[in-house]
Amino acid sequence: MEGEMLKGHLDMIVLAALAAGPAHGYAVIEKIKRSSKQAFDLPEGTIYPALHRLEQAGLLSSRWVTAESGRRRRVYALTRRGEQAFAGHRAVWQQFSDAMGGLLASARQRRRPA
Amino acid sequence: MISEYLERLSAALSFDRALARRVRQEVEDHLQQVIAADPSNGSIAAEQRAIAEFGDAQAIAAQFAMISVAEQMKKLGTALILVIAGVFVAMKGRVAWYAITGGDPGHDMTPITRIVGSIDRYSFWLSVLIATVSFAYVMGRPIPTLVDARYRKQLRCMLVSCLAAITSLFLSVISDGVLTAIRLMGAELCSWSLVPIGTMAIEIACVGTLVFHLWMTRWRTVSAVSLHAH
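Heads up: the sequence lines are chains U and D, in that order.
All residue numbers for the first sequence refer to the working numbering, where the first residue is 1 and numbers rise by one.
All residue numbers for the second sequence refer to the working numbering, where the first residue is 1 and numbers rise by one.
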């Protein structure tokens with residue numbers, strides 16, 4: 001999928017990846033790839049600035065945890081505001097998706113030969 | 001190879017040491033996980049792939065830099081409001097002290113003290129007005145994902161409005177200093193003068209803190225914008 005197209009929806013993608021529960025950056029990237037069946041293959045480095053930006057906007061919170069390897073890891077979670085923002089994004093996206101689906105279906109029907 | 005990459009990333013963010021440290025730790029952890037998940041675990045090729053997938057250090061640093069600038073701007077806006085409140089409390093405290101110990105400060109008004117008093121008052125309220133508008137402007141801006149000419153203009157606007165508020169406040173504090181000096185000139189230095197001198201010191205320290213904050217914000221903004229220019 002087009003990188004620029006994905007970047008326009010980056011906030012929603014990251015919020016969606018964290019909706020299931022707290023995760024660190026690597027897990028967020030893996031979840032995005034897995035859930036989108038590899039369609040959303042964003043440059044990995046773009047996810048971390050997005051996580052920081054969303055945290056600063058108050059949509060995410062974060063804390064350091066120590067992994068089994070002994071390495072410190074930053075874990076992100078949705079805040080109450082983040083959950084609300086995600087619900088808003090999802091509703092708008094659902095509406096857009098339904099409308100676009102309907103439009104494309106009608107275009108398909110018209111092109112069928114009589 | 002990984003450490004060289006991390007070094008480049010944190011060097012680009014050296015203007016914000018806390019952010020540079022945090023980003024370095026996070027990215028290092030990420031890259032180590034990618035390398036561990038790679039079939040050729042630990043090889044140089046795995047390191048190269050992990051770095052390539054992560055992206056250009058300079059470009060990533062530029063994205064983090066803008067977040068740092070936005071955060072610094074918000075801190076500056078908040079500091080502006082808090083410092084003005086602090087100066088106001090110091091001013092009112094001094095006036096109250098005069099009233100308690102030496103009668104109404106409005107009594108021995110000469111033309112000079114009247115003029116300086118007016119400058120003090122108007123410049124202070126002007127700084128309140130500009131600071132309130134600046135604060136609302138800074139807090140209302142979302143953090144952009146990319147820095148374009150429009151955002152650069154917004155940043156310049158934020159810095160100039162904060163500078164205007166600080167200049168106005170500085171003028172008010174200078175006027176306060178003149179008024180305090182005039183009042184203390186005739187009096188002997190004793191424990192009574194500690195309150196006027198102390199409150200003046202607080203006002204000067206407050207403005208000094210703001211100037212330092214503004215300088216730091218400007219420096220970060222220039223560094224962040226130059227990262228984008230690269």
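Derived by calculation from the structure, the hints in this document are not laboratory data.
Where a beta carbon is used, it is the ideal one built from N, C-alpha and C, also for glycine.
Mixed in with the good hints there might be a few duds.
Unchecked claim - If you want a taste of the chain U side facing chain D, the calculated C-beta under 7 angstroms gives, among others: (1) 41; (2) 45; (3) 72.
Hint status (Cβ of residue 41 of chain U to nearest Cβ of chain D, threshold 7 angstroms) = violated, 9 angstroms
Double-check residue 45 of chain U for me: the hint is only fine if its C-beta lies closer than 7 angstroms to a C-beta in chain D.
-> holds, 3 angstroms
Close enough to count: is the Cβ of residue 72 of chain U nearer than 7 angstroms to one in chain D?
-> holds, 6 angstroms
Consistency note: the structure conflicts with earlier hint 1 alone.
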